[in-house]
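Enquirer: Given next are the chains, with one letter for each unit.
Protein chains: 2
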Amino acid sequence: MSSEQAAEEMQQLNTSSESLEAQREARKQAKAAEKAAKEAAKAARAAQRGQKQSSALEPEADDPLAAHYGDPELVQSQAQTERVWTDVADLTPKLDGQTVLVRARVHTVRGKGKSAFLVLRQATATVQAVLFVDDVTVSKGMVKYASAIPRESIVDLEGRVVLPQAPIEACSQTQVELKVTALHAISRAAPLPFEVTDASRSAEAVRKAAEAGELLGTVGQDVRLDNRFVDLRTPANQAIFRVQSAVCQLFRESLQARDFIEIHTPKLLSGASEGGASVFQFDYMGRPGCLAQSPQFYKQMAICSDMGRVFEIGPVFRAENSYTHRHLCEFTGLDMEMTIKESYHEVLDVLDALFVHMFTGLNERCARELAVISEQYPFEPLKFLPKSLRLTFAEGIEMLQAAGYDVDPLGDLNTELERALGKLVKEKYNTEFYILHRYPLGIRPFYTMPCKDDNRYSCSFDIFIRGEEIISGAQRIHDPALLAQRAQELGLPVDSIQSYIDSFKYGAPPHGGAGVGMERVVMLFCGLDNIRKTSMFPRDPKRLTP
Amino acid sequence: MSSEQAAEEMQQLNTSSESLEAQREARKQAKAAEKAAKEAAKAARAAQRGQKQSSALEPEADDPLAAHYGDPELVQSQAQTERVWTDVADLTPKLDGQTVLVRARVHTVRGKGKSAFLVLRQATATVQAVLFVDDVTVSKGMVKYASAIPRESIVDLEGRVVLPQAPIEACSQTQVELKVTALHAISRAAPLPFEVTDASRSAEAVRKAAEAGELLGTVGQDVRLDNRFVDLRTPANQAIFRVQSAVCQLFRESLQARDFIEIHTPKLLSGASEGGASVFQFDYMGRPGCLAQSPQFYKQMAICSDMGRVFEIGPVFRAENSYTHRHLCEFTGLDMEMTIKESYHEVLDVLDALFVHMFTGLNERCARELAVISEQYPFEPLKFLPKSLRLTFAEGIEMLQAAGYDVDPLGDLNTELERALGKLVKEKYNTEFYILHRYPLGIRPFYTMPCKDDNRYSCSFDIFIRGEEIISGAQRIHDPALLAQRAQELGLPVDSIQSYIDSFKYGAPPHGGAGVGMERVVMLFCGLDNIRKTSMFPRDPKRLTP
Chain D
956 MSSEQAAEEM QQLNTSSESL EAQREARKQA KAAEKAAKEA AKAARAAQRG QKQSSALEPE
1016 ADDPLAAHYG DPELVQSQAQ TERVWTDVAD LTPKLDGQTV LVRARVHTVR GKGKSAFLVL
1076 RQATATVQAV LFVDDVTVSK GMVKYASAIP RESIVDLEGR VVLPQAPIEA CSQTQVELKV
1136 TALHAISRAA PLPFEVTDAS RSAEAVRKAA EAGELLGTVG QDVRLDNRFV DLRTPANQAI
1196 FRVQSAVCQL FRESLQARDF IEIHTPKLLS GASEGGASVF QFDYMGRPGC LAQSPQFYKQ
1256 MAICSDMGRV FEIGPVFRAE NSYTHRHLCE FTGLDMEMTI KESYHEVLDV LDALFVHMFT
1316 GLNERCAREL AVISEQYPFE PLKFLPKSLR LTFAEGIEML QAAGYDVDPL GDLNTELERA
1376 LGKLVKEKYN TEFYILHRYP LGIRPFYTMP CKDDNRYSCS FDIFIRGEEI ISGAQRIHDP
1436 ALLAQRAQEL GLPVDSIQSY IDSFKYGAPP HGGAGVGMER VVMLFCGLDN IRKTSMFPRD
1496 PKRLTP
Chain B
956 MSSEQAAEEM QQLNTSSESL EAQREARKQA KAAEKAAKEA AKAARAAQRG QKQSSALEPE
1016 ADDPLAAHYG DPELVQSQAQ TERVWTDVAD LTPKLDGQTV LVRARVHTVR GKGKSAFLVL
1076 RQATATVQAV LFVDDVTVSK GMVKYASAIP RESIVDLEGR VVLPQAPIEA CSQTQVELKV
1136 TALHAISRAA PLPFEVTDAS RSAEAVRKAA EAGELLGTVG QDVRLDNRFV DLRTPANQAI
1196 FRVQSAVCQL FRESLQARDF IEIHTPKLLS GASEGGASVF QFDYMGRPGC LAQSPQFYKQ
1256 MAICSDMGRV FEIGPVFRAE NSYTHRHLCE FTGLDMEMTI KESYHEVLDV LDALFVHMFT
1316 GLNERCAREL AVISEQYPFE PLKFLPKSLR LTFAEGIEML QAAGYDVDPL GDLNTELERA
1376 LGKLVKEKYN TEFYILHRYP LGIRPFYTMP CKDDNRYSCS FDIFIRGEEI ISGAQRIHDP
1436 ALLAQRAQEL GLPVDSIQSY IDSFKYGAPP HGGAGVGMER VVMLFCGLDN IRKTSMFPRD
1496 PKRLTP
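Chains as they are written, first to last, in the working numbering: chain D, 956 to 1501; chain B, 956 to 1501.
Take these hints with a grain of salt, some might be off.
[What the hints assert, rightly or not] Where chain D lies over chain B, by a calculated footprint (3+ residues, C-beta under 8 Å):
(1) 1014-1020
(2) 1139-1147
(3) 1167-1180
(4) 1187-1196
(5) 1205-1217
(6) 1254-1261
No lab work stands behind these hints, which were simulated from the structure alone.
Cβ atoms here follow ideal geometry from the backbone N, Cα and C, with glycine treated the same way.
Model the full assembly from the supplied sequences, consistent with the hints where possible.
Expert: This is the structure in structure tokens:
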């Protein structure tokens, strides 16, 4: 990449804060931001002048242990040594007595006369490191240096693994601590917009402390998101994005084992302004372009191109002005499409096996991550069956009616009714994951295959986790004449979809597929309350930064 | 997805042809398109009136074998039967004498009096199916029906596997053929924009035929791309996109085995119009937005957020007006970023292992696909070493100078010099895959870490396949003061990148990474001449459809 490209790239980044929150939160945020900005400006000026932020950066001149502490020169690929590094998560009693080298973040630091206590953090793992002045391995200057390292700085620390008399309950590594023999801050943190410890606290812990008369800090959603690169450091967030990574991997594993191939469809499409409010439009070399709202038509074209079974993991763009707990303007779509011999149940068979594989895999491979998330955001493990429940839409309506809900048997279910049905299903079938199929034709897209036996219904389905929809899918119409007819029946402008219809006219196999909202899967599997918690840098109608 | 969303989605799709080619090609194309359009319109009208295109759709009324042929009702999820289907690729002599059921495309069809010969195609596999009137299993009406099925239609065919006296050289399944016992066209193809057989031919075959006085059809790039959903059916294209799928899978495998986690960074960024010509800009709910040119800054933020080792596979958008064989306006980026302890060579170690794993994996897992590609586009297997060659930029310059090239030792290498160096390296080291590192600082982005020992150079690298760059990477500057200083030195507006610089001020680990152009890897590994061959629906300055 050239320097010019880099220059343009940087202009794309802008982390200016956008307040969304109530008055109270806004005031708090403004104050914190102002304070942080002032301190940051001061630190930056100092840093740019090449001055030291603290007098404790360098060892004291006459200290015989001077080589064991102090800020080293910048890591700049000078050389590669044979030094061996240990991960914090690997610090266990079996290393007792050994000297280890660790690079980690300073989670907390506390100087106390002739001693200093640090907690080091690496992702979700923490360990305590201690310094006591003995003038043999630890000098006064060294303790002073350690005590002055700002939280969130990154240090290279050498220490001897020892077994503490009592477990260190505040750390993930409860059975060991490190007696520091060398300490070098390789990257010092400026004053933080908020404390990672405050951002890591559960609501329950805050409530309990309040009952005991102690006021613990919390951090509002907007302050977190404005400083997402700090917020993401909390143990729960470290775990959430590892779970997210596993969701994608498990999705692929299951499909690849069934001969699906991965495709990449274009996100830049041609389109005029008539595209409607929910499409992002842009200028493409002087022509109107818009961003793909789904890979739907392209994955169908892949099927018409004999790809057989395809999947894609990629961004999906929706210019919808919905500021809810479960909508984003950009999310990650897990999409699949496949030929079928006879029925959309073949698609459901694949999805059923896929999600059982995914849930089982998450519980097995991400047990530690799920426990970490649960500490801050408590949740019950998802109830699911080895073979997923399939209910027809009509059966769902019956259950709702029997429970006293007034529902239109051929209308759509709103969020409230979906939740209610989820509850009834859980009570009756003991599962929070189920399939609802044969939706009314009238509430599905024009390209959905109608049911042969009763054309009020369609060969379609939604799939739910904890009463919220995560997947929508169907058998698609592969016959160009029927497709044109359905478009006409729904009053769609056939002209504008002629090329889509045409793609089926050179021989098209029966096929079906589905689209999954990845962030929703993570949110609902982990019982989280907001989709912004499962998007690394969320985009909604009010947020486009950082 | 709602009907309204679907309606908007369709408007995004537009396959109008865009002529790019020379006068001759354009004339040919226009003629073909006109003809296709006329025939398509006729077929569509006929289909919409519910009329039959051919009198041969239905069995003859008095034919006792009437149940064995004819167009069946539309596959509409009526029921699921226990019928067992066989893939064309699985039709081998060990099935001799068995009756099988196949759903496949009609590749070619030839009626000849009382017999008909079909070639069925599934992805890259083909098999011959034959009908001879015997009035026991095959009637006259059946042969007439078979003979009239248009090429590229999809049929359900039942037949007995027999061993032909001589191998069927024209098919991939040379050792067997099918004696048809039932035949039903489930999706009939309209007249094609071009023949798949013409699009599947190698230049060599056309040349040889011409020498023998025979004029074989070929299909130009624009006609292919205008009708990509037909073009993608050629065996070479079927193979190319399976190789592409494997490239992504092998990339991930190698990184996941090394504890990388998968992330999804936003493609919608905030940005003003000053962003420059190579950024796509759009309106984001009333604010200026632009599309991500690379996940660079976000993957660095993930590192500053303690993700440790991350990768992303996703679209990258470049509004560059470069109409070359290796540039696209939208391509798939394989990106990775990782903390390092000491040196960018740690990144190179990961990339070296990754690409050796990828190339070995492709040769092993995609042997058949590579052979199929080679049939239409002949290429030599890539030469690579078990441990990849690393040359410094200075060493590369020396090799070029020794070979008589006049090169600036601190300037950038143009495409011609890169190719020349690739040739020299291949001659000297017998590899077409190598790493060039320690690029001059002046030609790299401002965020590239300078070399400590000689600041004319930087901690950066490019990686080449067959003399063309596929990867660019480096150690990044993690010190906010140095980052600001470098931006100033290069005359960049520090204000506009303040938020990027700020993301490093809360403690940032040393780190480095790289970005790989996925379509380039596939193109160069397979020795293809144009990146449009490895993008499913390519986007360039002149093409935004289909």
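Enquirer: Under a C-beta cut-off of less than 8 Å, do 3 or more residues of the segment 1167-1180 of chain B approach chain D closely enough to confirm the stated coverage?
Expert: Coverage by chain D is violated for the segment 1167-1180 of chain B (0 residues, Cβ < 8 Å).
Enquirer: Check whether three or more residues of the segment 1187-1196 of chain B sit with their beta carbon closer than 8 Å to a beta carbon of chain D.
Expert: Contact hint for the segment 1187-1196 of chain B vs chain D: holds, 5 residues under 8 Å.
Enquirer: Are three or more residues of the segment 1254-1261 of chain B within 8 Å, CB to CB, of chain D?
Expert: It holds, with 5 qualifying residues against the three required.
Enquirer: Can the segment 1014-1020 of chain B be counted as covered by chain D under the rule of three residues or more with Cβ-Cβ separation shorter than 8 Å?
Expert: Three-residue rule not met by the segment 1014-1020 of chain B, so violated; n is 0.
Enquirer: Three residues or more, CB to CB closer than 8 Å: is that satisfied between the segment 1205-1217 of chain B and chain D?
Expert: holds (count 4)
Enquirer: Count residues of the segment 1139-1147 of chain B with a Cβ under 8 Å from any Cβ of chain D, then say if the count reaches three.
Expert: holds (count 6)
The structure is inconsistent with the numbered hints 1 and 3, although it conforms to all the rest.
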